[in-house]
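Student: When you get a sec, could you build the whole thing from the sequences and use the hints?
Top to bottom, those sequences are chains X and L. Position one of the first sequence corresponds to residue 1 (the numbering used here), numbered consecutively onward. Position one of the second sequence corresponds to residue 210 (the numbering used here), numbered consecutively onward.
To be clear, the hints were calculated from the coordinates, so they are not data collected in a lab. Where is the CB? At the ideal position from N, CA and C, for every residue including glycine. Among the clues, some could well be false.
Within a straight-line C-alpha distance of at most 27 Å, the following computed BS3-like cross-link-like pairs (lysine-lysine) qualify [unchecked claim]:
#1 L:217 with X:82
#2 L:267 with L:250
#3 X:173 with L:217
#4 L:250 with L:217
#5 L:267 with X:110
#6 L:217 with X:196
#7 L:250 with X:173
Per label pair, the in silico range of CB-to-CB distance [unchecked claim]:
#8 X:78 with L:243: 22 to 30 Å
#9 L:441 with X:39: 19 to 27 Å
#10 L:214 with X:206: 52 to 60 Å
#11 L:247 with X:38: 55 to 63 Å
Listing some non-contacts, in silico: residues in chain L with all C-beta distances to chain X over 12 Å [as the list claims (entries may be wrong)]:
#12 325
#13 327
#14 482
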Amino acid sequence: MALLLKAEHASENQDFESDQRIVKFVVVKKREEDHAQPAALTSFEDAMLPHLDAAHNLARWLLRNEQDAQDVVQEAYLRAFKSFAGFHGSNGRAWLLTIVRNTSYTLLKKNRAVDLTTTFDEEIHAPGYESVSPATILEHSEDAELIREAMDELPAEFREILTLRHQEGLSYKEIADIAQIPPGTVMSRLARARAKLRECLAVRIGKEK
Amino acid sequence: MNCEEATKLMDGYLDGELDPITSQTIEQHLRECPKCDRAYKTHGSLIRALGNATPYYKAPAELRERIQSSLRKEIGERPTRNGGQNTRSLFPRKQPEPRTILFGTSWNWLALAAAIVLAAIIGWTLLPRLQRSGADQFLATQLIASHVRSLMANHLSDVASSDQHTVKPWLDAKLDFAPPVVDLSSEGFPLVGGRLDYLDNRPVAALVYQRRKHFINLFVWPGETGSARPTMAMSHQGYQLLHWADPDFNYWAVSDVNANDLQTFKQQFELQTSHH
Numbered sequence: 001m002a003l004l005l006k007a008e009h010a011s012e013n014q015d016f017e018s019d020q021r022i023v024k025f026v027v028v029k030k031r032e033e034d035h036a037q038p039a040a041l042t043s044f045e046d047a048m049l050p051h052l053d054a055a056h057n058l059a060r061w062l063l064r065n066e067q068d069a070q071d072v073v074q075e076a077y078l079r080a081f082k083s084f085a086g087f088h089g090s091n092g093r094a095w096l097l098t099i100v101r102n103t104s105y106t107l108l109k110k111n112r113a114v115d116l117t118t119t120f121d122e123e124i125h126a127p128g129y130e131s132v133s134p135a136t137i138l139e140h141s142e143d144a145e146l147i148r149e150a151m152d153e154l155p156a157e158f159r160e161i162l163t164l165r166h167q168e169g170l171s172y173k174e175i176a177d178i179a180q181i182p183p184g185t186v187m188s189r190l191a192r193a194r195a196k197l198r199e200c201l202a203v204r205i206g207k208e209k
Numbered sequence: 210m211n212c213e214e215a216t217k218l219m220d221g222y223l224d225g226e227l228d229p230i231t232s233q234t235i236e237q238h239l240r241e242c243p244k245c246d247r248a249y250k251t252h253g254s255l256i257r258a259l260g261n262a263t264p265y266y267k268a269p270a271e272l273r274e275r276i277q278s279s280l281r282k283e284i285g286e287r288p289t290r291n292g293g294q295n296t297r298s299l300f301p302r303k304q305p306e307p308r309t310i311l312f313g314t315s316w317n318w319l320a321l322a323a324a325i326v327l328a329a330i331i332g333w334t335l336l337p338r339l340q341r342s343g344a345d346q347f348l349a350t351q352l353i354a355s356h357v358r359s360l361m362a363n364h365l366s367d368v369a370s371s372d373q374h375t376v377k378p379w380l381d382a383k384l385d386f387a388p389p390v391v392d393l394s395s396e397g398f399p400l401v402g403g404r405l406d407y408l409d410n411r412p413v414a415a416l417v418y419q420r421r422k423h424f425i426n427l428f429v430w431p432g433e434t435g436s437a438r439p440t441m442a443m444s445h446q447g448y449q450l451l452h453w454a455d456p457d458f459n460y461w462a463v464s465d466v467n468a469n470d471l472q473t474f475k476q477q478f479e480l481q482t483s484h485h
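Tutor: Below, the structure written as structure tokens:
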């Protein structure tokens with residue numbers, strides 16, 4: 001049976017390749033479709049490529065890995081392109097970032113199911129951080145490497161909300177849409193994320209001393 | 210509001226995301242509570258500093274190219290739903306050239322240039338209008354002040370007369386122009402008198418008319434010759450203002466009568482002056 005099917009399939013291909021009329025039809029059809037699609041592609045690129053930096057930055061912070069970030073952004077752009085016809089909103093950046101965020105989480109879940117939500121962190125209660133005053137943290141606030149390390153220590157939902165607010169300057173409403181949380185949750189999560197970032201910084205500064 | 214509540218809302222306040230009433234309540238608390246105020250200031254400057262110093266990972270140029278070529282591959286592959294690999298090998302089609310950075314940039318520059326030109330045009334045509342409307346607002350305030358003062362200080366008129374042939378020569382003698390003066394008693398707007406005033410950096414004539422128990426101040430001064438402007442009605446601080454101009458003069462009527470009465474007044478005034 002399997003053999004028979006295979007043979008049939010092969011003969012179909014044979015016919016298809018040899019029949020000049022079909023070939024001609026397919027070529028014409030393809031040309032028509034090609035003509036329509038570059039226009040859609042151009043309008044997609046015009047709308048979405050300006051947000052490439054934002055997309056990459058978010059993915060990079062979520063995945064903490066350059067290669068993963070690039071793969072996710074590429075995948076997200078493909079997904080976005082496929083559903084671009086259904087996008088009628090005015091906020092292209094928020095729409096794209098939602099897709100980038102979801103694609104990132106898919107990969108995060110696949111790679112390591114941990115790290116997605118806040119977990120109780122012993123390190124916070126490690127000695128040292130309480131002795132570090134806000135003024136001392138402020139003194140270190142130009143140290144990008146220190147901040148990067150402290151940020152990378154945070155759970156994904158904190159890295160995400162800090163990026164969206166501090167770097168993209170998005171409103172609570174936009175953040176709620178992208179992170180798929182109730183608008184009322186944004187403020188408290190942001191507050192917790194900031195407090196935790198301060199703590200992580202304090203611990204690092206305390207250790208340096 | 211207590212300290213605990215204020216601390217809870219501090220991030221929302223910092224981000225300007227609270228409703229005005231809650232914001233005011235927090236402001237009130239911060240004024241009264243030095244401890245919270247200090248915490249707020251520290252938190253604010255720290256958050257801003259950290260936000261600014263957080264590294265921003267810009268997309269490398271090769272990612273853009275990767276995405277663009279993958280999108281082109283995507284539209285290249287799409288029509289081959291039924292054929293799969295076969296069709297692709299059968300019809301080796303030329304991949305469209307990926308849009309080069311130069312090409313993209315030149316379009317962007319064109320668009321930018323067009324936007325600048327457009328903005329300049331809009332600015333050129335709109336700005337004088339906006340400035341004018343700002344000037345009109347300022348003038349309106351002056352006019353109302355003058356109108357109110359005239360009623361307040363019992364200084365409605367320098368020359369109290371219902372006779373236009375008394376008012377007009379008096380004004381003509383005091384001013385460097387000769388404003389039209391007509392009595393509109395038969396139309397329900399008796400002339401009460403005339404006054405000198407100072408508006409828009411120049412002396413102007415103020416003609417005072419009465420409508421039942423209300424007064425209308427009609428300010429008149431020479432306009433730019435030939436610059437007839439459309440009639441403009443404004444309502445400001447509860448007063449009605451009506452502005453029009455003929456080739457010789459600017460007119461501003463100010464009163465607390467209703468807008469319709471003021472319109473009627475203007476029509477009657479124009480009708481009568483055109484007869485003179």
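Student: A separate judgement is required for each hint: does it hold in the structure or not?
Tutor: Quick rundown of the hints versus the structure:
no.	hint	verdict
1	L:217 with X:82	42 Å, violated
2	L:267 with L:250	31 Å, violated
3	X:173 with L:217	19 Å, holds
4	L:250 with L:217	15 Å, holds
5	L:267 with X:110	25 Å, holds
6	L:217 with X:196	15 Å, holds
7	L:250 with X:173	25 Å, holds
8	X:78 with L:243: 22 to 30 Å	55 Å, violated
9	L:441 with X:39: 19 to 27 Å	47 Å, violated
10	L:214 with X:206: 52 to 60 Å	31 Å, violated
11	L:247 with X:38: 55 to 63 Å	60 Å, holds
12	325	18 Å, holds
13	327	18 Å, holds
14	482	53 Å, holds
The structure fails hints 1, 2, 8, 9, 10 (numbered hints given earlier, in ascending order).
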